[in-house]
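Chemist: Each chain, written out:
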Amino acid sequence: MSDQLKNAEEYTSGTSRRSFLKQSSLITAIALAPNAVVKAAEEGLDEKIAAAIEQMPLNVTINGVKQNLKIEPRVTLLDLLRERLQLTGTKKGCDHGQCGACTVHIDGQRVNSCLTLAVTTEGKQVTTIEGLAHGEELHPMQQAFLDHDGFQCGYCTPGQIMSAVCCIREGHADSPEEIREYMSGNICRCGAYSNIVDAIMDVKQGGKKV
Amino acid sequence: MKNIDAKTHVSGTSVYLDDIPLIQGTLYGAALGSPVAHGVLHQLQLEEALREPDVIRIFTAADIPGDNQIGGIIKDEPLLASDHVHFCGMPIAFVVARTREAARAAVKKIKADITPLPVITDPREAQAQNQLIMPPRTFSQGDTEQAWRECAHVFAGAVDINGQEHLYIETQGAYVVPQENNSLRVYSSTQGPTAVQRTVSTTLGQPMHRIEVVVTRLGGGFGGKEDQANTWAALCALAAWHLGKPVKYALHRMEDMAMTGKRHPYMADYKIGLDSSLNIIAYEVTFFQNAGAAADLSPGVLSRTLFHCTNSYYIPNVHATAWSCRTHLPPNTAFRGFGGPQGMFVIEAAIAHAARVLQIDAAVIQQKNLIKTGDEFPYGQIAQSEAGACWQKAATLYDATGWKQAVDAFNATHRLQKKGLAFMPVCFGISFTNTMMNHARSLVHVYTDGSVCISTGAVEMGQGVNTKILQVAAQIFSIRADRVKLNPTNTINIANTSPSAASATADLNGKATLMACNAILERLKEVAATALDTKADAVTIVNEQVLVNREPTGWDWQQLVSAAFTKRVSLSEHAHYATPEIHFDTVKEKGHPFAYHVYGTAILEVTVDCLRGIYKMDAVKVVHDFGSSMNPDIDRGQIEGGIVQGIGWMTMEEVIFDKEGRLRSNALSTYKVPDIYAVPEEIVIDALRSTADNLAIFRSKAVGEPPLMYGIGAWFALRNAILQFNPEADIPFITPMTPEKVLMALYSNKEKGIIQQHEATTSHLGIDQ
Ligand code: FES
Ligand code: FES
Numbered sequence: 001m002s003d004q005l006k007n008a009e010e011y012t013s014g015t016s017r018r019s020f021l022k023q024s025s026l027i028t029a030i031a032l033a034p035n036a037v038v039k040a041a042e043e044g045l046d047e048k049i050a051a052a053i054e055q056m057p058l059n060v061t062i063n064g065v066k067q068n069l070k071i072e073p074r075v076t077l078l079d080l081l082r083e084r085l086q087l088t089g090t091k092k093g094c095d096h097g098q099c100g101a102c103t104v105h106i107d108g109q110r111v112n113s114c115l116t117l118a119v120t121t122e123g124k125q126v127t128t129i130e131g132l133a134h135g136e137e138l139h140p141m142q143q144a145f146l147d148h149d150g151f152q153c154g155y156c157t158p159g160q161i162m163s164a165v166c167c168i169r170e171g172h173a174d175s176p177e178e179i180r181e182y183m184s185g186n187i188c189r190c191g192a193y194s195n196i197v198d199a200i201m202d203v204k205q206g207g208k209k210v
Numbered sequence: 001m002k003n004i005d006a007k008t009h010v011s012g013t014s015v016y017l018d019d020i021p022l023i024q025g026t027l028y029g030a031a032l033g034s035p036v037a038h039g040v041l042h043q044l045q046l047e048e049a050l051r052e053p054d055v056i057r058i059f060t061a062a063d064i065p066g067d068n069q070i071g072g073i074i075k076d077e078p079l080l081a082s083d084h085v086h087f088c089g090m091p092i093a094f095v096v097a098r099t100r101e102a103a104r105a106a107v108k109k110i111k112a113d114i115t116p117l118p119v120i121t122d123p124r125e126a127q128a129q130n131q132l133i134m135p136p137r138t139f140s141q142g143d144t145e146q147a148w149r150e151c152a153h154v155f156a157g158a159v160d161i162n163g164q165e166h167l168y169i170e171t172q173g174a175y176v177v178p179q180e181n182n183s184l185r186v187y188s189s190t191q192g193p194t195a196v197q198r199t200v201s202t203t204l205g206q207p208m209h210r211i212e213v214v215v216t217r218l219g220g221g222f223g224g225k226e227d228q229a230n231t232w233a234a235l236c237a238l239a240a241w242h243l244g245k246p247v248k249y250a251l252h253r254m255e256d257m258a259m260t261g262k263r264h265p266y267m268a269d270y271k272i273g274l275d276s277s278l279n280i281i282a283y284e285v286t287f288f289q290n291a292g293a294a295a296d297l298s299p300g301v302l303s304r305t306l307f308h309c310t311n312s313y314y315i316p317n318v319h320a321t322a323w324s325c326r327t328h329l330p331p332n333t334a335f336r337g338f339g340g341p342q343g344m345f346v347i348e349a350a351i352a353h354a355a356r357v358l359q360i361d362a363a364v365i366q367q368k369n370l371i372k373t374g375d376e377f378p379y380g381q382i383a384q385s386e387a388g389a390c391w392q393k394a395a396t397l398y399d400a401t402g403w404k405q406a407v408d409a410f411n412a413t414h415r416l417q418k419k420g421l422a423f424m425p426v427c428f429g430i431s432f433t434n435t436m437m438n439h440a441r442s443l444v445h446v447y448t449d450g451s452v453c454i455s456t457g458a459v460e461m462g463q464g465v466n467t468k469i470l471q472v473a474a475q476i477f478s479i480r481a482d483r484v485k486l487n488p489t490n491t492i493n494i495a496n497t498s499p500s501a502a503s504a505t506a507d508l509n510g511k512a513t514l515m516a517c518n519a520i521l522e523r524l525k526e527v528a529a530t531a532l533d534t535k536a537d538a539v540t541i542v543n544e545q546v547l548v549n550r551e552p553t554g555w556d557w558q559q560l561v562s563a564a565f566t567k568r569v570s571l572s573e574h575a576h577y578a579t580p581e582i583h584f585d586t587v588k589e590k591g592h593p594f595a596y597h598v599y600g601t602a603i604l605e606v607t608v609d610c611l612r613g614i615y616k617m618d619a620v621k622v623v624h625d626f627g628s629s630m631n632p633d634i635d636r637g638q639i640e641g642g643i644v645q646g647i648g649w650m651t652m653e654e655v656i657f658d659k660e661g662r663l664r665s666n667a668l669s670t671y672k673v674p675d676i677y678a679v680p681e682e683i684v685i686d687a688l689r690s691t692a693d694n695l696a697i698f699r700s701k702a703v704g705e706p707p708l709m710y711g712i713g714a715w716f717a718l719r720n721a722i723l724q725f726n727p728e729a730d731i732p733f734i735t736p737m738t739p740e741k742v743l744m745a746l747y748s749n750k751e752k753g754i755i756q757q758h759e760a761t762t763s764h765l766g767i768d769q
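In order, the protein sequence lines correspond to chains Y and Z.
One point on numbering: in the UniProt record's numbering, the residue at position 112 of the first sequence is 112, and numbering is uninterrupted.
One point on numbering: in the UniProt record's numbering, the residue at position 579 of the second sequence is 579, and numbering is uninterrupted.
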């Protein structure tokens, strides 16, 4: 694997991303079936492969709206949301799956959207912070964060709320200890943690559907 | 009252820098940081990078039309390196491309031809080589030389305090949009809009009136976006100026961590002397501040270290010297507490040292020496002290005696788990230590429909300052809060602002708003008095109703405003507030630099797992001097957040640079900040309500920075727990007290010291090359 990566780097230096795609598809293919690919390369097939995968179709439902998109396969769900669809409520804190600011739901499960390639959401339902409320009526978790001041600067808040909803859905909110454990992937540098725990406990005990 | 941003925060509609809708044609920047900490920069090879698709242009020092200079206090920092590089991550070139990815990819293709020079990362070494940011400063009081002779006990030692990464969850960034008439609009994630304006103006060689800086809010600042925000704004401005196109740069987390300065690491030597009844009568301390490669805010940070070097204690004889040492690290900068926490850690270490040798509880020495009203601080200000009151209340309210007995009982019955308890008193001065900066302005408009909008120089970064300012206006006018709106901070509305820092923002901008509202209110009362045929001082407004001699008149707020408008009375006011009473003589190092002090006492309990070295924070219980809080919800949040950040700094947050000056703790995977699991199980905050008059807005004392220093107690609680397990333990005064350091200390002894030095354990850290 690491050798392949090294090769990929050598191949890409000084070339366009397009040729990177060509070559990396070639490299992957070499690893899989050397003979076939050598032949394919001779026939100029790599050019066709690259062209085909440069823009991939993506059909995904985001906050209840069906989206038919064409995207580059390397685009993360986070960048798709923020930069293509202007859904900037989902935040980028690290882009490395280390802070939780980018948490969204895919088919009801919480994921770090910065670690999710958008193409993998084909046919799925994505919910972001913008899709949580019902019109003007806040989702119970949003209301609880508001009631308990579960934020200071607010930057981690969308991720916290999306994560908190799933924390309850998963059945991991029965005690403050359990909430701490299952919310520990969401960093809040302002340190609003104790209010966040209170907010989640409140929703859990209120018994409203989340 | 709830934070006015609550609704937008929970619905994801609050706009931060990276969320601003982009204008078509916006280009993206990315900076190349120096790969070498110190060296001669011969040449940059840009050709390959320029051949990358979508790259528009690469800017270097030669493209800067004005001064290549971003130093605020001292002019010692270029925007882009031209002939030398002084730290890893120092910006050398700025690539602008059509997409963010292209810009970042091209950065990797630039080759910098650099001859390395010797690298200094240790402040003592820098001091020895006379590498100083400025001459040393000394605060003194009494005569320590004389006093040593009267001491029954004298102890001396050394301290090594690590830095702290700000790790605001929103990274640094800027977005610059060219305007007509050679002007630029700069959106910046900054605590100091005027500093950004000045920096852009200097580097472009354009007058300040051409540069408009707009800040909506920050996703955290903590001091890290005070002067360090200037670079990115100036780089984007440089490109936008040349290209005539909007240019944006929001830093990637790893760029941010690698290129920006942090809390200052300090080293220090102390000597403390006590008389036979445990009064501290002499204290000498020398601080070696690791300033990094340029001054940035280091001189200011240094002064606060000196101001707070005796924390909450009265010591009649003090001699404190501080050196600001130039090393090859990114320029260190403001961070909540601004040098105060480092000063306080050293005196707490000295007291802990004395207590250990004398075999008494450090709390005995701490309590005995708390500063009293009328005592003089080493810088000449006379204390209005709440230190004793906070301590007393904490000891009683939280039953310190019973608590200690419970901890002792636990330790007596547990062999492999030990608890430690520590008191942490805090005394923190409020005002910018640079007297010149203590002023603010507020612009208040009342519109003809009775709605109000306010502009100030305050930057909202989670501290709730805009909510407090709104409260001021609503209260003075006695109108509904929803009639009032706060504008984004903008240098066009409010000029020459001081940064949002020093915990003083709500006081300064709140007071200016108070003055502006009062001026309008006076005019409105005149209008009412004329119309209702009475005297202005008989008129009051209560809950939107206009009263004369406390009787309803049938007039309400809206009617009053309309009447004033038709009478051509001004409904706007721009007020200026400058903190009275403060002064400081930097030659004598004496004066009255602070409007007031905030006091408090925390008691902290930890439990250490003596097999593994891991620990948990059981409880932090605080009595905090709020004055009379105007927004207890917000203030409580600030205290909790400060405590968590302080504990993080003291326990888990370990900034690691290697000997070549490269940052090894360069991502959230190698630099741990407190997660929800690291927060003390129990946080209790009680208010010491003092009604004494002070210069705080509505007598509600500042709350941003002081609570961070309660976290210092965590270090000493851990130390006490380790000593319960191993009374012979060697526990050097080195921060942070990570679990591995705890483990090493648990099994150390005074003769052999710690078994394995820490440097040897850093090899597991990832290297990003
Ligand atoms: S941005 Fe995705 S986890 Fe930090
Ligand atoms: S509210 Fe600021 S990071 Fe959580």
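Any given hint could be a false lead.
[Claimed, not checked] If you want the ones that stay clear, here's a sample from chain Y, every Cβ over 10 Å from chain Z, calculated:
1. Glu-54
2. Leu-58
3. Thr-61
4. Gly-64
5. Asn-68
6. Arg-84
7. Gly-93
8. Glu-122
9. Gly-123
10. Thr-128
11. Glu-130
12. Ile-161
13. Gly-171
14. Glu-181
15. Asn-186
16. Ile-196
[Claimed, not checked] Listed next, with one range per pair, are the computed distances between beta-carbon atoms:
17. Z/Pro-116 with Y/Asn-59: 40 to 46 Å
18. Z/Ser-669 with Y/Gly-206: 34 to 40 Å
19. Z/Pro-65 with Y/Pro-73: 50 to 56 Å
20. Y/Glu-181 with Z/His-583: 33 to 39 Å
21. Z/Leu-243 with Y/Lys-208: 28 to 34 Å
22. Z/Glu-526 with Y/Gln-205: 53 to 59 Å
23. Z/Met-436 with Y/Lys-208: 50 to 56 Å
24. Z/Val-364 with Y/Pro-176: 31 to 37 Å
25. Y/Gly-206 with Z/Val-542: 52 to 58 Å
26. Z/Pro-116 with Y/Glu-178: 32 to 38 Å
27. Z/Asp-122 with Y/Glu-178: 41 to 47 Å
28. Z/Ile-614 with Y/Gln-205: 27 to 33 Å
Note that these hints are calculated values from the structure, not bench results.
All C-beta atoms, glycine included, are put in the ideal place defined by N, C-alpha and C.
Chemist: Does each hint hold? Answer for all of them.
Modeler: Results for each hint:
1. Every C-beta of chain Z lies more than 10 Å from that of Y/Glu-54, the closest at about 13 Å, which supports listing it as non-interface.
2. Distance to chain Z confirms Y/Leu-58 as a non-interface residue, since its nearest Cβ pair spans about 18 Å, more than 10 Å.
3. Separation of Y/Thr-61 from chain Z is adequate, the least Cβ-Cβ distance of about 18 Å exceeding the 10 Å criterion.
4. Consistency note on Y/Gly-64: stated as away from chain Z, and its beta-carbon is indeed over 10 Å from all of that chain's, at 15 Å minimum.
5. Against chain Z, the non-interface label of Y/Asn-68 holds: every CB pair exceeds 10 Å, the least being about 23 Å.
6. The claim that Y/Arg-84 is not at the interface with chain Z holds, since no C-beta of that chain comes within 10 Å of its own (minimum 12 Å).
7. The claim that Y/Gly-93 is not at the interface with chain Z is violated, since a C-beta of that chain comes within 10 Å of its own (minimum 4 Å).
8. Interface exclusion of Y/Glu-122 from chain Z stands, the closest Cβ pair being 22 Å apart, more than 10 Å.
9. With a cut of 10 Å on Cβ distances, Y/Gly-123 stays outside the contact zone with chain Z, its closest approach being about 25 Å.
10. Listed as outside the interface, Y/Thr-128 is inconsistent with that label: its C-beta sits roughly 7 Å from the nearest C-beta of chain Z, within the 10 Å cut-off.
11. Remark: the non-interface label on Y/Glu-130 conflicts with the geometry, its nearest Cβ contact in chain Z lying 5 Å away (cut-off 10 Å).
12. At roughly 6 Å from the closest C-beta of chain Z, the C-beta of Y/Ile-161 falls inside 10 Å, breaking its exclusion from the interface.
13. The beta carbon of Y/Gly-171 is kept farther than 10 Å from every beta carbon of chain Z, the shortest such distance being approximately 18 Å.
14. With a minimum CB-CB distance of about 7 Å to chain Z, Y/Glu-181 fails to clear the 10 Å threshold, and the non-interface call is violated.
15. The claim that Y/Asn-186 is not at the interface with chain Z is violated, since a C-beta of that chain comes within 10 Å of its own (minimum 7 Å).
16. Against chain Z, the non-interface label of Y/Ile-196 is violated: not every CB pair exceeds 10 Å, the least being about 7 Å.
17. Between Z/Pro-116 and Y/Asn-59 the Cβ separation comes to about 54 Å, which falls outside the hinted range of 40 to 46 Å.
18. Range check, Z/Ser-669 to Y/Gly-206: about 36 Å between beta-carbon atoms, so the 34 to 40 Å window is met.
19. Under the hint 50 to 56 Å, the C-beta atoms of Z/Pro-65 and Y/Pro-73, about 42 Å apart, miss the expected range.
20. In this structure, Y/Glu-181 and Z/His-583 break the distance hint of 33 to 39 Å, their C-beta atoms being roughly 53 Å apart.
21. Range check, Z/Leu-243 to Y/Lys-208: about 52 Å between beta-carbon atoms, so the 28 to 34 Å window is missed.
22. For the hinted restraint 53 to 59 Å between Z/Glu-526 and Y/Gln-205, the CB-CB distance of approximately 55 Å keeps it satisfied.
23. Under the hint 50 to 56 Å, the C-beta atoms of Z/Met-436 and Y/Lys-208, about 54 Å apart, fit the expected range.
24. Range check, Z/Val-364 to Y/Pro-176: Cβ separation about 35 Å, and the 31 to 37 Å hint holds.
25. Separated by about 37 Å at the C-beta atoms, Y/Gly-206 and Z/Val-542 break the suggested range of 52 to 58 Å.
26. At about 52 Å, the CB distance of Z/Pro-116 to Y/Glu-178 disagrees with the hint of 32 to 38 Å.
27. Remark: the range hint 41 to 47 Å for Z/Asp-122 to Y/Glu-178 is upheld by a beta-carbon distance near 45 Å.
28. Hint check: Z/Ile-614 to Y/Gln-205, Cβ distance near 31 Å, so the stated range 27 to 33 Å holds.
Violated hints, listed in ascending order, are 7, 10, 11, 12, 14, 15, 16, 17, 19, 20, 21, 25 and 26; each of the other numbered hints is respected by the structure.
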